[in-house]
Amino acid sequence: MNEKLPGLRERTRRAVRMEIAETASALFVERGYEATTIDDIAAAVGMSQRSVFRYFATKEEIVLGKFDLVVDDMLAALRARPADETVWTSLHHVFDVLVSLAEAPGHEEMVEPMHRVIFETPVLLAGYLQKLQQIQDAVVAELLERAEAAGTPHAPDDPTPRALTAAAFGCLVAAQHSWLASGAKGSFADAIARAMATVGPRA
0 MNEKLPGLRE RTRRAVRMEI AETASALFVE RGYEATTIDD IAAAVGMSQR
50 SVFRYFATKE EIVLGKFDLV VDDMLAALRA RPADETVWTS LHHVFDVLVS
100 LAEAPGHEEM VEPMHRVIFE TPVLLAGYLQ KLQQIQDAVV AELLERAEAA
150 GTPHAPDDPT PRALTAAAFG CLVAAQHSWL ASGAKGSFAD AIARAMATVG
200 PRA
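Counting from 1, position 102 in the sequence shown corresponds to residue 101 in numbering that gives the first Met the number 0; the numbering is continuous, with no gaps.
Bear in mind the hints are in silico, worked out from the structure with no lab data behind them.
The structure displayed is predicted, hence computed values, not measured ones.
There could be a bad hint or two in this list.
Within a straight-line C-alpha distance of at most 20 Å, the following computed SDA-like cross-link-like pairs (lysine to any residue) qualify [as the list claims (entries may be wrong)]:
| no. | residue 1 | residue 2 |
| --- | --- | --- |
| 1 | Lys-130 | Glu-147 |
| 2 | Lys-65 | Thr-88 |
| 3 | Lys-65 | Thr-159 |
| 4 | Lys-65 | Thr-85 |
| 5 | Lys-58 | Gly-126 |
| 6 | Lys-58 | Arg-78 |
| 7 | Lys-65 | His-114 |
| 8 | Lys-58 | Met-113 |
| 9 | Lys-184 | Leu-128 |
| 10 | Lys-58 | Ala-43 |
| 11 | Lys-130 | Pro-104 |
| 12 | Lys-184 | Gln-133 |
| 13 | Lys-58 | Gln-48 |
| 14 | Lys-58 | Ile-37 |
| 15 | Lys-65 | Pro-104 |
| 16 | Lys-65 | Glu-144 |
| 17 | Lys-65 | Gln-132 |
| 18 | Lys-130 | Thr-120 |
| 19 | Lys-130 | Gln-48 |
| 20 | Lys-58 | Glu-141 |
| 21 | Lys-65 | Glu-102 |
| 22 | Lys-65 | Ala-146 |
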């Protein structure tokens, strides 16, 4: 019984974090990120400001904290790709994790407005790009391990894994800009595919 308690507590914590994040997102879209305070968010979820801070250290983390949770899923997606698949194709499939989140039932209507909040708020955009860099570092480490396991290790000064990863994540950001510029017409997955196709043949 005791072995199950930590799991239950973690599930409860995640559920509360999700409720806070979803409520905050709605407020950010309605009022703007800067105009929404932690007190506003706390009142909307029926908590004290102190309670909200138990789940999120900062207002910025309420928006960007979810990216910390998807790193393991993205790395798992990369590990699941065939060993003989090109790195570029594998990196493309890593983004399936983000597409699945964007298309999750009940979340679709908030994806576009929250993207706009992030891209139009300098502090959030800076934090988002920093999160992407951290994810890239983890992906590069995984690619290095994959090459090692395949018997084709990269030399320490070989820029290939980092260059390909940076290019792929650059395409992700380009796809987000393009998708927003179109008014979110078409799917997010198609926007990513279009962006990656522009440099895919070279990669």
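Evaluated hints:
With a C-alpha separation of about 26 Å, the suggested pairing of Lys-130 with Glu-147 is violated against the 20 Å cut-off. At roughly 25 Å between alpha-carbon atoms, Lys-65 and Thr-88 are farther apart than 20 Å, so this suggested pair is violated. Restraint check: the Cα-Cα separation between Lys-65 and Thr-159 comes to about 29 Å, which exceeds 20 Å; the hinted pair is violated. For the proposed pair Lys-65 and Thr-85, the alpha carbon gap of about 28 Å is over 20 Å, so the pair is violated.
A threshold of 20 Å between alpha carbons decides the hint, and for Lys-58 with Gly-126 the separation of about 12 Å falls inside it, so the pair holds. A hinted pair counts as satisfied when its Cα atoms are at most 20 Å apart, and Lys-58 with Arg-78 does not qualify at roughly 33 Å. At roughly 13 Å between alpha-carbon atoms, Lys-65 and His-114 fall within 20 Å of each other, so this suggested pair holds. A hinted pair counts as satisfied when its Cα atoms are at most 20 Å apart, and Lys-58 with Met-113 qualifies at roughly 14 Å.
As the CA atoms of Lys-184 and Leu-128 are separated by approximately 24 Å, the hinted pair breaks the 20 Å bound. Annotation: proposed proximity of Lys-58 to Ala-43 holds, straight-line Cα distance about 14 Å (limit 20 Å). Of the pairs offered as hints, the one joining Lys-130 and Pro-104 is violated, with about 25 Å between alpha carbons and a cut-off of 20 Å exceeded. A hinted pair counts as satisfied when its Cα atoms are at most 20 Å apart, and Lys-184 with Gln-133 does not qualify at roughly 30 Å.
The straight-line distance between the Cα atoms of Lys-58 and Gln-48 is roughly 11 Å, inside the 20 Å bound, and the hint therefore holds. Proposed proximity of Lys-58 and Ile-37 is supported: the alpha carbons are some 7 Å apart, at most 20 Å. With a C-alpha separation of about 17 Å, the suggested pairing of Lys-65 with Pro-104 holds against the 20 Å cut-off. Our distance criterion of 20 Å between C-alpha atoms is broken by Lys-65 and Glu-144, whose separation comes to about 26 Å.
As the CA atoms of Lys-65 and Gln-132 are separated by approximately 15 Å, the hinted pair is consistent with the 20 Å bound. Between the alpha carbons of Lys-130 and Thr-120 the distance comes to roughly 15 Å, so the proposed pair stays at or under 20 Å and holds. Annotation: proposed proximity of Lys-130 to Gln-48 is violated, straight-line Cα distance about 25 Å (limit 20 Å). Simply put, Lys-58 and Glu-141 have alpha-carbon atoms about 31 Å apart, too far for the 20 Å limit, and the pair is violated.
Under the criterion of a C-alpha separation no larger than 20 Å, the hint pairing Lys-65 with Glu-102 is consistent with the structure, at around 15 Å. Between Lys-65 and Ala-146, the direct Cα distance comes to roughly 29 Å. Violation of the 20 Å bound is thereby established for this hinted pair.
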